[in-house]
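Residue numbers (this note's numbering), protein chains in the order written: chain P, 574 to 687; chain U, 11 to 122.
For the record, the hints were derived by calculation from the structure and aren't laboratory data.
The reader is advised that the hints may include incorrect statements.
To be verified - Calculated lysine-lysine pairs in the DSS-like style (CA-CA distance at most 25 Å, straight line):
#	chain 1	residue 1	chain 2	residue 2
1	P	LYS651	P	LYS617
2	P	LYS617	U	LYS52
3	P	LYS624	U	LYS78
4	P	LYS651	P	LYS588
5	P	LYS614	U	LYS11
6	U	LYS78	P	LYS651
7	U	LYS11	U	LYS52
8	P	LYS588	P	LYS614
9	P	LYS627	U	LYS117
10	U	LYS78	P	LYS617
11	P	LYS624	P	LYS651
12	U	LYS117	P	LYS617
13	U	LYS78	U	LYS121
14	P	LYS588	P	LYS624
15	U	LYS11	P	LYS617
16	P	LYS614	U	LYS52
17	P	LYS588	P	LYS617
To be verified - So these bits of chain U aren't anywhere near chain P, every CB distance computed over 12 Å:
#	residue
18	THR15
19	GLN48
20	GLY51
21	ASN73
22	VAL120
C-beta atoms are modelled at their ideal positions from N, C-alpha and C, and glycine is treated no differently.
As a plain string of letters, each chain reads:
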Amino acid sequence: EAGVTQFPSHSVIEKGQTVTLRCDPISGHDNLYWYRRVMGKEIKFLLHFVKESKQDESGMPNNRFLAERTGGTYSTLKVQPAELEDSGVYFCATTQTTPYNEQFFGPGTRLTVL
Amino acid sequence: KQEVTQIPAALSVPEGENLVLNCSFTDSAIYNLQWFRQDPGKGLTSLLLIQSSQREQTSGRLNASLDKSSGRSTLYIAASQPGDSATYLCAGRVYNFNKFYFGSGTKLNVKP
């Protein structure tokens, strides 16, 4: 069974540009999460989808971040316009809808904003 | 808000030693706690998931415990090997919040 995949693995962009990150969940996993780790800090929650609906987006830093999940399958996270402080590693994680909710993480996308 | 702390931040041990990694959390209304390992430049690999109704879980040389009353979890690694070298992260989920709060991790180095 394929794991959680993320694309791209690395992205280097200039301040003010737009970047879109993609996450493909494990098949059948309705819950999808985005997390971010900035330099020297712990991994922090950004938002949670249940199928195509945003369940909790309390961790989104500001309105420059937009997440979507088309048809309850893959998800995208767009940053527009990117700022220097957006640099970090963005992780996607998915779980089945069970009481146990073991999270499976993707390899992450390393974003560098210059 | 759940605060998760991991001590020590880094640990270096000789091969074969048994060791304990610590994770503490502030909110005892914890639903479950998951331990991960992260290799450099890689994603997080799930090691063990403990539900609030459980006290411990075992997988091979790994044993994780959870004590809600004291707000602590430990990951015990038996007979450590150089291949165990990685950063170990704990993450706790609180009731009514379907997201994990992460600690900063413990970077483990097992010397041959």
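Here's how the hints hold up against the structure:
1. P:LYS651 x P:LYS617: Given that 25 Å is the threshold and the Cα spacing comes to 17 Å, the pair holds.
2. P:LYS617 x U:LYS52: holds (17 Å)
3. P:LYS624 x U:LYS78: It is violated: about 31 Å lies between the C-alpha atoms, which goes past 25 Å.
4. P:LYS651 x P:LYS588: holds (14 Å)
5. P:LYS614 x U:LYS11: Holds, at about 17 Å.
6. U:LYS78 x P:LYS651: violated (38 Å)
7. U:LYS11 x U:LYS52: violated (28 Å)
8. P:LYS588 x P:LYS614: holds (21 Å)
9. P:LYS627 x U:LYS117: violated (34 Å)
10. U:LYS78 x P:LYS617: holds (22 Å)
11. P:LYS624 x P:LYS651: holds (18 Å)
12. U:LYS117 x P:LYS617: holds (18 Å)
13. U:LYS78 x U:LYS121: violated (33 Å)
14. P:LYS588 x P:LYS624: violated (32 Å)
15. U:LYS11 x P:LYS617: Distance ~12 Å between LYS11 of chain U and LYS617 of chain P Cα, so the pair holds.
16. P:LYS614 x U:LYS52: holds (17 Å)
17. P:LYS588 x P:LYS617: holds (22 Å)
18. THR15: violated (10 Å)
19. GLN48: violated (9 Å)
20. GLY51: Violated, since 8 Å does not exceed 12 Å.
21. ASN73: Given a closest Cβ separation of 17 Å, the condition holds.
22. VAL120: holds (23 Å)
The structure fails to meet hints 3, 6, 7, 9, 13, 14, 18, 19 and 20 from the earlier list, while all remaining hints are met.
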